[in-house]
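Chains as they are written, first to last, in our numbering: chain A, 1 to 95; chain B, 101 to 195; chain C, 201 to 295; chain D, 301 to 395; chain E, 401 to 495; chain F, 501 to 595; chain G, 601 to 695; chain H, 701 to 795; chain I, 801 to 895; chain J, 901 to 995.
FYI, nobody ran anything at the bench for these hints, they're computed from the structure. Remember, predicted model here, so these are calculated numbers, not experimental data. A hint or two may mislead.
When the alpha-carbon atoms are kept at most 35 angstroms apart in a straight line, the in silico DSBU-like pairs for lysine-lysine are as follows [to be verified]:
1. G:628 <-> I:828
2. E:436 <-> F:536
3. C:228 <-> D:336
4. F:536 <-> E:428
5. J:928 <-> H:728
6. D:336 <-> C:236
7. G:636 <-> H:728
8. D:328 <-> C:236
9. E:428 <-> C:228
10. E:428 <-> G:628
11. A:36 <-> B:136
12. H:736 <-> J:936
13. I:836 <-> G:636
14. J:928 <-> A:36
15. D:336 <-> A:28
16. B:136 <-> C:228
17. H:728 <-> B:128
18. A:36 <-> B:128
19. B:136 <-> A:28
20. I:828 <-> J:928
Here are the simulated distance ranges between beta carbons [said to hold, decoys possible]:
21. D:386 <-> C:212: 38 to 44 angstroms
22. G:624 <-> I:892: 16 to 22 angstroms
23. A:91 <-> B:108: 18 to 24 angstroms
24. C:212 <-> H:719: 42 to 48 angstroms
25. G:680 <-> A:38: 49 to 55 angstroms
Some but not every residue of chain B turned toward chain C, in silico, with C-beta under 8 angstroms [claimed, not checked]:
26. 142
27. 147
28. 148
29. 149
30. 178
Even glycine gets a Cβ: it sits at the ideal position worked out from N, Cα and C.
10 protein chains.
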Amino acid sequence: MLFHVRMDVSLPHDLDHNRRAELIAAEKDRAVELQKLGVLPHLWRVVGQYGDIGIFDVPSNDELHAFLSSLPLWEFMRVEVTPLAQHPSDLAAQP
Amino acid sequence: MLFHVRMDVSLPHDLDHNRRAELIAAEKDRAVELQKLGVLPHLWRVVGQYGDIGIFDVPSNDELHAFLSSLPLWEFMRVEVTPLAQHPSDLAAQP
Amino acid sequence: MLFHVRMDVSLPHDLDHNRRAELIAAEKDRAVELQKLGVLPHLWRVVGQYGDIGIFDVPSNDELHAFLSSLPLWEFMRVEVTPLAQHPSDLAAQP
Amino acid sequence: MLFHVRMDVSLPHDLDHNRRAELIAAEKDRAVELQKLGVLPHLWRVVGQYGDIGIFDVPSNDELHAFLSSLPLWEFMRVEVTPLAQHPSDLAAQP
Amino acid sequence: MLFHVRMDVSLPHDLDHNRRAELIAAEKDRAVELQKLGVLPHLWRVVGQYGDIGIFDVPSNDELHAFLSSLPLWEFMRVEVTPLAQHPSDLAAQP
Amino acid sequence: MLFHVRMDVSLPHDLDHNRRAELIAAEKDRAVELQKLGVLPHLWRVVGQYGDIGIFDVPSNDELHAFLSSLPLWEFMRVEVTPLAQHPSDLAAQP
Amino acid sequence: MLFHVRMDVSLPHDLDHNRRAELIAAEKDRAVELQKLGVLPHLWRVVGQYGDIGIFDVPSNDELHAFLSSLPLWEFMRVEVTPLAQHPSDLAAQP
Amino acid sequence: MLFHVRMDVSLPHDLDHNRRAELIAAEKDRAVELQKLGVLPHLWRVVGQYGDIGIFDVPSNDELHAFLSSLPLWEFMRVEVTPLAQHPSDLAAQP
Amino acid sequence: MLFHVRMDVSLPHDLDHNRRAELIAAEKDRAVELQKLGVLPHLWRVVGQYGDIGIFDVPSNDELHAFLSSLPLWEFMRVEVTPLAQHPSDLAAQP
Amino acid sequence: MLFHVRMDVSLPHDLDHNRRAELIAAEKDRAVELQKLGVLPHLWRVVGQYGDIGIFDVPSNDELHAFLSSLPLWEFMRVEVTPLAQHPSDLAAQP
Numbered sequence: 001m002l003f004h005v006r007m008d009v010s011l012p013h014d015l016d017h018n019r020r021a022e023l024i025a026a027e028k029d030r031a032v033e034l035q036k037l038g039v040l041p042h043l044w045r046v047v048g049q050y051g052d053i054g055i056f057d058v059p060s061n062d063e064l065h066a067f068l069s070s071l072p073l074w075e076f077m078r079v080e081v082t083p084l085a086q087h088p089s090d091l092a093a094q095p
Numbered sequence: 101m102l103f104h105v106r107m108d109v110s111l112p113h114d115l116d117h118n119r120r121a122e123l124i125a126a127e128k129d130r131a132v133e134l135q136k137l138g139v140l141p142h143l144w145r146v147v148g149q150y151g152d153i154g155i156f157d158v159p160s161n162d163e164l165h166a167f168l169s170s171l172p173l174w175e176f177m178r179v180e181v182t183p184l185a186q187h188p189s190d191l192a193a194q195p
Numbered sequence: 201m202l203f204h205v206r207m208d209v210s211l212p213h214d215l216d217h218n219r220r221a222e223l224i225a226a227e228k229d230r231a232v233e234l235q236k237l238g239v240l241p242h243l244w245r246v247v248g249q250y251g252d253i254g255i256f257d258v259p260s261n262d263e264l265h266a267f268l269s270s271l272p273l274w275e276f277m278r279v280e281v282t283p284l285a286q287h288p289s290d291l292a293a294q295p
Numbered sequence: 301m302l303f304h305v306r307m308d309v310s311l312p313h314d315l316d317h318n319r320r321a322e323l324i325a326a327e328k329d330r331a332v333e334l335q336k337l338g339v340l341p342h343l344w345r346v347v348g349q350y351g352d353i354g355i356f357d358v359p360s361n362d363e364l365h366a367f368l369s370s371l372p373l374w375e376f377m378r379v380e381v382t383p384l385a386q387h388p389s390d391l392a393a394q395p
Numbered sequence: 401m402l403f404h405v406r407m408d409v410s411l412p413h414d415l416d417h418n419r420r421a422e423l424i425a426a427e428k429d430r431a432v433e434l435q436k437l438g439v440l441p442h443l444w445r446v447v448g449q450y451g452d453i454g455i456f457d458v459p460s461n462d463e464l465h466a467f468l469s470s471l472p473l474w475e476f477m478r479v480e481v482t483p484l485a486q487h488p489s490d491l492a493a494q495p
Numbered sequence: 501m502l503f504h505v506r507m508d509v510s511l512p513h514d515l516d517h518n519r520r521a522e523l524i525a526a527e528k529d530r531a532v533e534l535q536k537l538g539v540l541p542h543l544w545r546v547v548g549q550y551g552d553i554g555i556f557d558v559p560s561n562d563e564l565h566a567f568l569s570s571l572p573l574w575e576f577m578r579v580e581v582t583p584l585a586q587h588p589s590d591l592a593a594q595p
Numbered sequence: 601m602l603f604h605v606r607m608d609v610s611l612p613h614d615l616d617h618n619r620r621a622e623l624i625a626a627e628k629d630r631a632v633e634l635q636k637l638g639v640l641p642h643l644w645r646v647v648g649q650y651g652d653i654g655i656f657d658v659p660s661n662d663e664l665h666a667f668l669s670s671l672p673l674w675e676f677m678r679v680e681v682t683p684l685a686q687h688p689s690d691l692a693a694q695p
Numbered sequence: 701m702l703f704h705v706r707m708d709v710s711l712p713h714d715l716d717h718n719r720r721a722e723l724i725a726a727e728k729d730r731a732v733e734l735q736k737l738g739v740l741p742h743l744w745r746v747v748g749q750y751g752d753i754g755i756f757d758v759p760s761n762d763e764l765h766a767f768l769s770s771l772p773l774w775e776f777m778r779v780e781v782t783p784l785a786q787h788p789s790d791l792a793a794q795p
Numbered sequence: 801m802l803f804h805v806r807m808d809v810s811l812p813h814d815l816d817h818n819r820r821a822e823l824i825a826a827e828k829d830r831a832v833e834l835q836k837l838g839v840l841p842h843l844w845r846v847v848g849q850y851g852d853i854g855i856f857d858v859p860s861n862d863e864l865h866a867f868l869s870s871l872p873l874w875e876f877m878r879v880e881v882t883p884l885a886q887h888p889s890d891l892a893a894q895p
Numbered sequence: 901m902l903f904h905v906r907m908d909v910s911l912p913h914d915l916d917h918n919r920r921a922e923l924i925a926a927e928k929d930r931a932v933e934l935q936k937l938g939v940l941p942h943l944w945r946v947v948g949q950y951g952d953i954g955i956f957d958v959p960s961n962d963e964l965h966a967f968l969s970s971l972p973l974w975e976f977m978r979v980e981v982t983p984l985a986q987h988p989s990d991l992a993a994q995p
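Using the sequences plus the hints, can you model the full thing?
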């Protein structure tokens, strides 16, 4: 089941520099891991932003929330979730 | 080069029924064609909406505009284009 | 899997009166049916609005889209879908 | 009398860690208590957010305000209240 | 129980002139009636607008919805309802 | 002359606790005083908010600004002023 | 007493041409008249818009509403009223 | 003097087809003419939209308004004007 | 050439008190000076706000930017600039 | 390939003064450099704002993101990117 997730990061300018570096490294590790697990089949950066668009493939809403809320940068993100359905014109849906 | 395109369709309720059916059929044919051409690698329906999210893969802005503005339903669409870049945590970008 | 759906209806003032009455009756029949099926465990009217808040219980995004887009009044609705997860303080989640 | 309440929490990143933990624990205790009292028949987490949707059942506006404004995290919440009425298609309203 | 209701009217410019006059007269009669019943203790016009602010005094959400949705101009109104509570600094609340 | 004033208070979480208590007490005293003077014939709390709706009765715009800008919490308020006129359906305006 | 009024005109494209011309001529006559009466000391066109900014000088809210709601184009205007006060740095307010 | 102008066109779907074609041809002629006159040094189409961004070079606000309000499609445009100043980092401003 | 400028001031609550007083005094001096120079023919306070509406009369966009960006409180202002043209119904424009 | 980029800068008022001066000087150097490279053929200041409009000419989305995200002030900017296409009425596109 696919969900479109927009994630915009806003780090406070007075955040401790080591903490900032740790958070960013942990976020990257987690993003790579989620891709390897097949949970995050697509991940793009939005041009000009510290923001991403990801497509999540998960079996349920609860699991999606668990993945998102455990992201290392979640506390500093604005997140917007949009459920996706198969498009009637999707090649895979054609007879 | 990838672009994220949100397309929301709003057909006037007093549109002629034959014209409506023709437009929708033509839109579907074009969407299938763009997928076969590799121009539209992803196309999803937004749950609950007469609206889509598509990822376009095109060589230039001009070509993207040509594809979008020649969609049969373009006149009745609200379109929002977001340029995408490779994400630094994209698996394909890892060493 | 639960989804929160806000549905706001806007019927054109020049819609044929018989068609209007038919649509409203069909919408009511469908709403009753969806409740009997267990698909729509909660349905409320928003005070002062021709608008509803419904909680849908469905196995997938695709099925939710199928239910919503086949509502008799769907063409005249603004729909907003919000996926829900179990709350950590939900009584049912306590040890 | 039912009210739909959206509650979005935003904790300052420089809030003392013990105070944060105390507030969150107190909020959870209160949420469980309100459910046991029947004041909060439904409580969901919004997927991807530190935010909730709750349905409150209270005898008056004044009591709803008293419940909301005494939540431990109220100071850090954006709250939006929507009064609900029985839906004309509600199963319970059918003859 | 008090509710603050903002009502903005927008009549289609091609509405039949007799129907328009009838609706406006009926709306006025109903507004006077609601005041006499004590349901609408305050009613103001917003300067420069075809719009009102009314304070409704009703025993329940359901009754408020019944009053609003039966207003002759309801079909042409944008309505916004805000529940009110007694203010802690209200003279009537002082010891 | 009546004005509808929405006042939303937002106190910084790191404001000194004594200063906070003093401000809130001073605000309450002033609100009571303005009611006794007849300047503030109605004052309500918005359910779920640290925010108010007040109806001010003043002889001029300048005096309204003087009253509002000298409120103890003014510095921490978002204020929205809407001028009101007598409603044509107001009981007091009927022949 | 001064009020800042933004007026944006939107005429339906299918409005009868004679009626359109009459309305525009009547609006101009009324604008000239209000200036001669001293009610409208300033009137500007917003560059690029069919919209105006006017400063009205009136003795009360009720009179402002009467002036605005009797403008020939009022039915087709979006109106926004902002009450003004003397600025503490106004030359006329200096000792 | 430079102004940034965003122009978004919205033609009613029931506009007569000949009138539509005439308007679009006249708009194009005028756009070419303004470029030749040096009034419109830059004109771009926004990708995916029936909308433009133009940079106008005019001696005054009044002349800018005259140019914009006499565009053949002006009646069907949403226009947004932003005044521009020389950037302190502009190459032409460097010593 | 006239420009309508809305200026809203937001001073951080933890700004040093002496600095605050100096800035406000300097802003007032500058506002008086600009009025004496004829650059700021009108300046009003918006009722209920720490915000102003000013009409600037300047020979060019560059000079307007120079005036605005050198205001003592500019760093703490949200500024919105709207270019004005002579109104076709302006008394001064009548034959 | 052209992109329209709006960049609005917001520096925290408690940023260290030396750091602020360094950032602003570095930003200026980089803006001059990008112009010399032909990457930034147009750069304007928005009147009244600490904000810019730039036209970027780059071969790809990825390069645009690299340029923008390495701007010295990027961390403090709100950035909005709009892809541009050749206008059908552009002089250069005429036969």
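For each hint, the structure was consulted:
1. G:628 <-> I:828: Given pair residue 628 of chain G, residue 828 of chain I is violated - Cα atoms ~38 angstroms apart, limit 35 angstroms.
2. E:436 <-> F:536: 27 angstroms, holds
3. C:228 <-> D:336: 34 angstroms, holds
4. F:536 <-> E:428: 34 angstroms, holds
5. J:928 <-> H:728: 38 angstroms, violated
6. D:336 <-> C:236: With Cα atoms ~27 angstroms apart, residue 336 of chain D and residue 236 of chain C stay inside 35 angstroms; holds.
7. G:636 <-> H:728: Roughly 42 angstroms between the alpha carbons, so the hint for residue 636 of chain G and residue 728 of chain H is violated.
8. D:328 <-> C:236: 34 angstroms, holds
9. E:428 <-> C:228: 31 angstroms, holds
10. E:428 <-> G:628: Within the cut-off at roughly 31 angstroms; holds.
11. A:36 <-> B:136: Holds, at roughly 27 angstroms.
12. H:736 <-> J:936: Cα-Cα ~27 angstroms, so holds.
13. I:836 <-> G:636: 27 angstroms, holds
14. J:928 <-> A:36: With Cα atoms ~42 angstroms apart, residue 928 of chain J and residue 36 of chain A exceed 35 angstroms; violated.
15. D:336 <-> A:28: Since the Cα atoms of residue 336 of chain D and residue 28 of chain A sit roughly 42 angstroms apart, the hinted pair is violated (cutoff 35 angstroms).
16. B:136 <-> C:228: Violated, because 42 angstroms separates the two Cα atoms, which is more than 35 angstroms.
17. H:728 <-> B:128: 31 angstroms, holds
18. A:36 <-> B:128: 34 angstroms, holds
19. B:136 <-> A:28: 34 angstroms, holds
20. I:828 <-> J:928: Holds, because 31 angstroms separates the two Cα atoms, which is no more than 35 angstroms.
21. D:386 <-> C:212: 38 to 44 angstroms: 27 angstroms, violated
22. G:624 <-> I:892: 16 to 22 angstroms: The hint (16 to 22 angstroms, Cβ to Cβ) holds, given that residue 624 of chain G and residue 892 of chain I are roughly 20 angstroms apart.
23. A:91 <-> B:108: 18 to 24 angstroms: 22 angstroms, holds
24. C:212 <-> H:719: 42 to 48 angstroms: Between residue 212 of chain C and residue 719 of chain H, where Cβ atoms are some 24 angstroms apart, the hint is violated.
25. G:680 <-> A:38: 49 to 55 angstroms: Check passed, 52 angstroms falls within 49 to 55 angstroms.
26. 142: 15 angstroms, violated
27. 147: 5 angstroms, holds
28. 148: Holds. Min distance 4 angstroms.
29. 149: At about 6 angstroms, which falls below the 8 angstroms cut-off, the nearest Cβ of chain C leaves the hint on residue 149 of chain B intact, so it holds.
30. 178: Violated - the Cβ of residue 178 of chain B stays beyond 8 angstroms from chain C, reaching only about 13 angstroms at its closest.
Of the hints listed earlier, those the structure fails to meet are numbers 1, 5, 7, 14, 15, 16, 21, 24, 26, 30, in rising order.
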